[in-house]
Amino acid sequence: MQEPLILAVPKGRILDEALPLLARVGIVPEAAFSDPASRALRFHTNSPAIDLIRVRAFDVATFVAHGAAQLGIVGSDVLAEFDYSELYAPVDLGIGHCRISVAEPADLAERDDPRGWSHVRIATKYPHITRAHFEARGVQAECVKLNGAMELAPVLGLAPRIVDLVSSGKTLKENGLVEVEVIAQVTSRLIVNRAAFKTRAGQVVPLVDGFRRAVA
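Under UniProt numbering, the first residue of the sequence shown carries the number 1, and numbering increases by one thereafter.
None of these hints come from the bench; they were simulated from the model. The reader is advised that the hints may include incorrect statements.
[To be verified] DEER-style ranges, computed between Cβ atoms:
1. R194 to A31: 29 to 35 angstroms
2. S167 to D209: 18 to 24 angstroms
3. G26 to D113: 51 to 57 angstroms
4. A40 to H128: 31 to 37 angstroms
5. H128 to D92: 33 to 39 angstroms
6. N46 to D209: 50 to 56 angstroms
Quick reminder that beta carbons are idealized off the backbone N, C-alpha and C, glycines included.
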């Protein structure tokens with residue numbers, strides 16, 4: 001019997017939106033998946049042909065790119081940051097809507113014009129996206145890599161500006177920051193390992209088609 005396909009899903013907000021979509025595809029995780037006390041990371045589903053793993057959003061792309069998982073659900077921000085050639089993203093799932101934005105303290109924004117920047121120091125977990133965005137405008141970006149608590153960087157003098165994911169903007173506002181530029185709109189995608197798409201097409205292709213129908 002062939003090993004089950006592994007579908008990597010991200011922890012957090014996207015997962016809450018993804019679960020109804022998985023149900024429409026016909027994938028229902030075992031009860032332990034929804035148990036907050038469970039420390040398991042791999043779960044069976046109602047289909048013996050599909051298992052789920054739950055990992056950090058940035059790690060979904062890595063697991064799928066390296067073939068440890070055959071499919072995954074991940075934001076287009078992660079795909080743009082890593083740009084793995086081994087990944088194929090056939091379906092925009094239309095969930096996880098947010099944006100990657102540049103933000104700075106409100107008092108700085110009052111006297112600041114992004115069009116006049118020539119060099120910026122920015123705290124971000126997206127150094128690749130940030131540098132590429134500013135290079136396209138002829139601006140040199142010095143990136144300080146952080147994995148979280150981005151909003152603290154301007155307050156504590158680590159960097160005057162940040163590039164981060166924004167959905168409602170509430171966290172920025174609570175920390176005295178405002179958006180001054182949107183780099184990209186973000187949605188979640190279904191991703192597939194390119195090798196698995198060829199070698200396990202009989203299993204993978206119907207699943208991709210199922211996600212297409214669920215989104216449509």
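Open item on the list: Name the hints, by number, that the structure is in violation of.
Closed with: Per hint list: 2, 5, 6 violated.
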